[in-house]
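Chemist: Line by line, the protein sequences are chains B and H. For what it's worth, our numbering labels the leading residue of the first sequence as 19, then goes sequentially. For what it's worth, our numbering labels the leading residue of the second sequence as 3, then goes sequentially.
Think of the hints as simulated: they come from the structure by calculation, not from any bench. A few of these clues could be false.
[As the list claims (entries may be wrong)] Mimicking DSS-like on lysine-lysine, the simulated pairs with C-alpha atoms at most 27 Å apart in a straight line are: (1) 136(B) x 171(B); (2) 266(H) x 179(H); (3) 171(B) x 266(H); (4) 179(H) x 75(B); (5) 136(B) x 179(H); (6) 75(B) x 109(B); (7) 21(B) x 33(B); (8) 109(B) x 21(B); (9) 136(B) x 109(B).
The primary structure of each chain is shown beneath.
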Amino acid sequence: MAKKPIQFHLNGSEKAIFVEEGQNLLDVIRRGVGDLTPKYGCGQGTCGTCTVLIDGKPHLSCLTLAETIEGRQVSTTGGLQRGAELHPLQKAFMEGFAAQCGYCTPGMLMAAKALLDKNPNPSRDEVVEAISGNICRCTGYEPIINAILEAAKAGGARRYG
Amino acid sequence: MPVRVETYDRTEDAARALSSSRSARFLGGGTLVMRAVNAGDQSFDTIVRLRDPSFSTIRSEGDGYTVGAGVTMAAVAQSRDLAFLAPVARVVGGPAIRNMATVGGNLFATGNYGDFTVALLALGATVNLAGSSGRGIPIDDFLRDRERHATSLVLSVTVPRPREAGAFRFLKVSRVKPKGVSVMSIATYLPQSGGRVQGARVAYGSMAPHPVRATGVERALDGQALDAAAIDRAAAAATQGLNPPTDAIASGWYRTEVAGVHLKRLLAGERR
Chain B
19 MAKKPIQFHL
29 NGSEKAIFVE
39 EGQNLLDVIR
49 RGVGDLTPKY
59 GCGQGTCGTC
69 TVLIDGKPHL
79 SCLTLAETIE
89 GRQVSTTGGL
99 QRGAELHPLQ
109 KAFMEGFAAQ
119 CGYCTPGMLM
129 AAKALLDKNP
139 NPSRDEVVEA
149 ISGNICRCTG
159 YEPIINAILE
169 AAKAGGARRY
179 G
Chain H
3 MPVRVETYDR
13 TEDAARALSS
23 SRSARFLGGG
33 TLVMRAVNAG
43 DQSFDTIVRL
53 RDPSFSTIRS
63 EGDGYTVGAG
73 VTMAAVAQSR
83 DLAFLAPVAR
93 VVGGPAIRNM
103 ATVGGNLFAT
113 GNYGDFTVAL
123 LALGATVNLA
133 GSSGRGIPID
143 DFLRDRERHA
153 TSLVLSVTVP
163 RPREAGAFRF
173 LKVSRVKPKG
183 VSVMSIATYL
193 PQSGGRVQGA
203 RVAYGSMAPH
213 PVRATGVERA
223 LDGQALDAAA
233 IDRAAAAATQ
243 GLNPPTDAIA
253 SGWYRTEVAG
263 VHLKRLLAGE
273 RR
C-alpha cells in the first residue's frame with residue numbers, strides 16, 4: 019500500500035505527515051501525530067467520542083478519510099488549554115463533575131466548543147441538541163449540560179478561539 | 003489497510019472508475035463507507051473519491067431544485083430554498099453526522115438509516131446518474147433496483163417544490179430523544195385541489211428493506227377531504243401490503259401495531 023503525503027493544521031500548528039490509504043483521521047491524529055486526546059469508541063458514527071472540529075465544525079474523525087483533510091484546520095481537546103490554564107469548558111466540566119470515566123469527555127468538549135463558538139449564549143435545548151451525537155454512559159447527561167451552560171454563562175469561551 | 007483510494011477531479015473519470023470495478027465504493031461523507039472500512043468489510047477494496055465543487059451545489063431549476071449528491075444534511079438544513087426539507091435533514095444523526103452525511107449517500111443507506119430518502123420518495127424526486135444524458139430515474143425505480151445502481155455514480159437528486167406549504171409532512175419515530183435511530187419514519191405529500199387530496203404520496207422508512215410507498219394509505223386518501231373519517235381509513239390501511247422487518251430497534255409486530263398510530267398523528271397535525 020502506497021503512503022500519501024498530506025499537510026494540515028492541528029490545533030494551529032502545521033503538520034506534514036504520510037498517511038496510509040484508507041486510514042481514518044482519528045488514527046492519523048493518535049498514531050501519526052501523537053495527540054491522544056480524541057478517543058476511538060465505536061468506529062461506527064454512533065458514540066461521538068472521536069469528535070474533532072474541521073474548519074470549526076464538528077466531524078467524526080473515525081469516519082473521516084485522512085487524505086480528505088489536506089490543507090484544513092483540525093482542532094482537538096489537546097489544543098483547548100492555554101499553557102497551564104484550562105479552557106472555560108474544561109473548568110466547568112471539572113467543577114461540575116461532568117466527567118466520570120472520562121471517555122466521552124473529549125468528544126463532549128469539542129461538540130460544546132463548536133456550539134459556543136457559534137452561539138455564546140445557548141438555550142438548554144440548544145445544548146442538548148449540540149451534544150445529541152455524543153453518548154455518555156456515566157453521568158446521565160445533566161452535569162454535562164449544566165457545565166456547558168455554566169461555561170457559557172461565565173463567558174470568555176470565545177477568547178480561546 | 004486493504005483499501006486503495008482513487009481520487010478524481012472529473013465526474014466522468016470517477017463514474018468510469020466506479021462502473022469498471024465491482025469492488026469499488028464511492029466515498030461521499032464517509033458515514034457509510036468509512037464505517038464499513040472500520041468494521042473490516044471485505045466486500046470492497048477500492049474507494050473512489052470525487053473533488054468536483056459542483057457536486058455539492060443546490061440549484062433552483064424550473065419548478066424544483068437539483069441538489070448535488072455531495073450536499074450535506076447540514077447544508078440542506080441551512081438552505082433557504084430547501085426550507086421544506088430542513089426538518090428532515092435536522093433529524094438525521096447528530097451535528098457531526100450532519101456535517102458529513104450527504105444526500106447521495108442517504109440514497110444507499112440500509113437498515114434503519116436513510117430517513118432523508120423517505121422524504122425524497124414522498125416528494126417524487128428523480129435521481130440523476132452520471133452518463134444518463136440528462137434524464138433522471140424516478141426515485142421509486144431507483145430504490146427498487148438500488149443494488150444494481152451501486153456501480154453508477156449519483157450526481158444529484160431533483161426535488162419538485164411542494165405545490166403548497168403544509169402539503170408535505172415528515173415524522174421520524176425514535177425511542178431516544180432528540181437523537182435516536184428510526185423505529186420508522188413517515189413522509190406524506192398530500193397536495194389538495196378543491197379541498198380534496200389529489201395525487202397522494204406516502205412513504206415509510208424502516209418498514210421494508212428500503213424506503214417504500216404506502217400504497218394502501220395513498221388509496222385511502224386520494225380524492226378525499228383530509229377529515230377525521232379519511233384519516234381513520236388511512237390509519238387502518240397503514241401497513242397494507244407491508245411486512246415490516248424485525249431488528250434490534252423494534253420487532254415487525256411492534257412496527258405493524260404502531261404504524262397507524264403515528265400516521266394518524268402526522269396526518270392530524272398533532273405535535274409530539
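Chemist: Against this structure, judge whether each hint is valid.
Modeler: Here is how each hint holds up against the structure:
no., hint, in the structure
1, 136(B) x 171(B), "15 Å, holds"
2, 266(H) x 179(H), "21 Å, holds"
3, 171(B) x 266(H), "42 Å, violated"
4, 179(H) x 75(B), "22 Å, holds"
5, 136(B) x 179(H), "23 Å, holds"
6, 75(B) x 109(B), "22 Å, holds"
7, 21(B) x 33(B), "16 Å, holds"
8, 109(B) x 21(B), "40 Å, violated"
9, 136(B) x 109(B), "20 Å, holds"
Checked against the numbered hints given earlier, this structure breaks hints 3 and 8; the rest are met.
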